[in-house]
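Using the sequences plus the hints, can you model the full thing?
Protein chains in written order, with our numbering: chain P, 109 to 262; chain W, 109 to 262; chain R, 2 to 74; chain G, 2 to 74.
Please keep in mind that the hints were generated in silico from the structure rather than gathered at the bench. Backbone N, C-alpha and C define an ideal beta-carbon position, used for all residues, glycine too. Hints may be right or wrong, so weigh each one.
With a cut-off of at most 27 angstroms between alpha-carbon atoms, the simulated DSSO-like pairs for lysine-lysine come out as follows [said to hold, decoys possible]:
| hint | chain 1 | residue 1 | chain 2 | residue 2 |
| --- | --- | --- | --- | --- |
| 1 | P | K175 | P | K223 |
| 2 | G | K4 | G | K53 |
| 3 | W | K223 | W | K122 |
| 4 | G | K53 | G | K42 |
| 5 | P | K223 | W | K182 |
| 6 | G | K42 | P | K223 |
| 7 | W | K223 | R | K53 |
| 8 | W | K182 | W | K223 |
| 9 | W | K175 | R | K53 |
| 10 | P | K122 | W | K122 |
| 11 | P | K175 | G | K4 |
| 12 | P | K122 | W | K182 |
| 13 | W | K223 | W | K175 |
| 14 | R | K42 | R | K4 |
| 15 | G | K60 | P | K223 |
| 16 | R | K42 | W | K223 |
| 17 | G | K42 | G | K60 |
| 18 | P | K223 | P | K122 |
| 19 | G | K42 | G | K4 |
| 20 | R | K53 | R | K42 |
Covered, in the sense of this in silico footprint (three residues per stretch, anywhere, with C-beta under 8 angstroms from a C-beta of chain P), are these stretches of chain W [what the hints assert, rightly or not]:
| hint | stretch |
| --- | --- |
| 21 | 117-126 |
| 22 | 129-135 |
| 23 | 139-146 |
| 24 | 200-212 |
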Amino acid sequence: MSDMELYQGPLDVKAIFGRWLDEEAASNYGAFTPFIGTVREEGGIEALSFDIYEPVLRSWFDAWQEKARARGAKLWMAHSVGDVPVHTSSYMAAVFSPRRRVALELIEEFVEDFKANAPIWKYDVIDGRRIYAEDRSTPMEGAGVLELGKRNEE
Amino acid sequence: MSDMELYQGPLDVKAIFGRWLDEEAASNYGAFTPFIGTVREEGGIEALSFDIYEPVLRSWFDAWQEKARARGAKLWMAHSVGDVPVHTSSYMAAVFSPRRRVALELIEEFVEDFKANAPIWKYDVIDGRRIYAEDRSTPMEGAGVLELGKRNEE
Amino acid sequence: MVKVEFLGPIAREPMEVEADSLAELSRVLFREESIRPWLEKCAVAVNDVMVKDPNHPLKDGDRVSILPPVCGG
Amino acid sequence: MVKVEFLGPIAREPMEVEADSLAELSRVLFREESIRPWLEKCAVAVNDVMVKDPNHPLKDGDRVSILPPVCGG
Chain P
109 MSDMELYQGP LDVKAIFGRW LDEEAASNYG AFTPFIGTVR EEGGIEALSF
159 DIYEPVLRSW FDAWQEKARA RGAKLWMAHS VGDVPVHTSS YMAAVFSPRR
209 RVALELIEEF VEDFKANAPI WKYDVIDGRR IYAEDRSTPM EGAGVLELGK
259 RNEE
Chain W
109 MSDMELYQGP LDVKAIFGRW LDEEAASNYG AFTPFIGTVR EEGGIEALSF
159 DIYEPVLRSW FDAWQEKARA RGAKLWMAHS VGDVPVHTSS YMAAVFSPRR
209 RVALELIEEF VEDFKANAPI WKYDVIDGRR IYAEDRSTPM EGAGVLELGK
259 RNEE
Chain R
2 MVKVEFLGPI AREPMEVEAD SLAELSRVLF REESIRPWLE KCAVAVNDVM
52 VKDPNHPLKD GDRVSILPPV CGG
Chain G
2 MVKVEFLGPI AREPMEVEAD SLAELSRVLF REESIRPWLE KCAVAVNDVM
52 VKDPNHPLKD GDRVSILPPV CGG
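Set out below in structure tokens:
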């Protein structure tokens, strides 16, 4: 079982949580800090929907796994692809670490960088239509690398 | 079911996690950040053991629940009393919040203050004997309030 | 009389003390060999409420808890 | 020829472009009405590796991914 899991539709939070716990049951970690993201009912949406570009997500995640390992910790992550109805979960991440400070710091850093740089696109689903969540989206690190073309055209 | 739970012996982490999730399934929170503390095998211990003074723990927890509520969030906590063998868990806490920033900040603040100020005493269990973990223990906020007596005696 | 109880690792039975303030109680406690080494690291609750004023008044029937250094989790 | 693919919400089929650097590719893309508004907010991966040098060289067969603003979670 990989440490980065993608699922069609909502996550089975209890099953994934339980499996991560079992996988690390003998690893002698003292602190386990999961983060679970659930779709809120707001703005009249019936679901959120997600596109993921897996190859870049995988290298982004692997680089984070390396950072975690250098601090003695281990990361797990799961995310939904496609539609995720309100009050179900689309995102889980977790740190296992020998000590609590690293676990608390790392889960925060990981989740924040995830929001900014994981290649995942979010859509509101309203009346069965998928609308890109443009106002909540953030240009990735390195955005603007194509600006040279614009300057040359002007 | 109370939002602060004490158990004799190790925590059933999956059951508690699942119940918290079910309790808040319809609360429309977007972020859920648990912290799980597990007994590490180190220093030749077979278990940790805990004493708790529940009345003061309860008021400490209730004050935190108030702080969480003021930020739109909700806390849960579970802790063991008595012996907790290595590789089993003695402590769970969790924040539910509409938004991730509050959940990530609050779980860190809560867990740190818990370590410093929750009225819980920890013992290493080695060869069946309970040894107070003095070197890892911290005087609570307000410690030293009895110093006046010492000065008057000197 | 106030009742004083010693929590966690302080291996000491509760005691009854005549004292009308925390300062007075602390003078009594500092005379007890087995308690003295704990006291400067301890916090205090009166009737389960944490107290930070060394001159906090005590009244008959108050219950004083002596809380040594903690380590939950 | 490099292959250019547009990810997420950019509703555009992949295209084949003659370009020997990212700078040259970007000049081509900025001429396309439907793509232009996206470009200044987009990041770029070449063969699935993120690229931050606007003069990054391209070679025949490279696969260039255009990544619009993201929002996971």
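Right, here's what the structure says about each hint:
{"no.": "1", "hint": "P/K175 - P/K223", "verdict": "holds, 17 angstroms"}
{"no.": "2", "hint": "G/K4 - G/K53", "verdict": "holds, 18 angstroms"}
{"no.": "3", "hint": "W/K223 - W/K122", "verdict": "holds, 23 angstroms"}
{"no.": "4", "hint": "G/K53 - G/K42", "verdict": "holds, 13 angstroms"}
{"no.": "5", "hint": "P/K223 - W/K182", "verdict": "holds, 23 angstroms"}
{"no.": "6", "hint": "G/K42 - P/K223", "verdict": "holds, 16 angstroms"}
{"no.": "7", "hint": "W/K223 - R/K53", "verdict": "holds, 19 angstroms"}
{"no.": "8", "hint": "W/K182 - W/K223", "verdict": "holds, 19 angstroms"}
{"no.": "9", "hint": "W/K175 - R/K53", "verdict": "holds, 21 angstroms"}
{"no.": "10", "hint": "P/K122 - W/K122", "verdict": "holds, 8 angstroms"}
{"no.": "11", "hint": "P/K175 - G/K4", "verdict": "violated, 32 angstroms"}
{"no.": "12", "hint": "P/K122 - W/K182", "verdict": "holds, 20 angstroms"}
{"no.": "13", "hint": "W/K223 - W/K175", "verdict": "holds, 17 angstroms"}
{"no.": "14", "hint": "R/K42 - R/K4", "verdict": "holds, 20 angstroms"}
{"no.": "15", "hint": "G/K60 - P/K223", "verdict": "violated, 32 angstroms"}
{"no.": "16", "hint": "R/K42 - W/K223", "verdict": "holds, 16 angstroms"}
{"no.": "17", "hint": "G/K42 - G/K60", "verdict": "holds, 24 angstroms"}
{"no.": "18", "hint": "P/K223 - P/K122", "verdict": "holds, 23 angstroms"}
{"no.": "19", "hint": "G/K42 - G/K4", "verdict": "holds, 20 angstroms"}
{"no.": "20", "hint": "R/K53 - R/K42", "verdict": "holds, 13 angstroms"}
{"no.": "21", "hint": "117-126", "verdict": "holds (count 4)"}
{"no.": "22", "hint": "129-135", "verdict": "holds (count 3)"}
{"no.": "23", "hint": "139-146", "verdict": "holds (count 8)"}
{"no.": "24", "hint": "200-212", "verdict": "holds (count 4)"}
Hint compliance for this structure: hints 11 and 15 are not met, and every other hint is.
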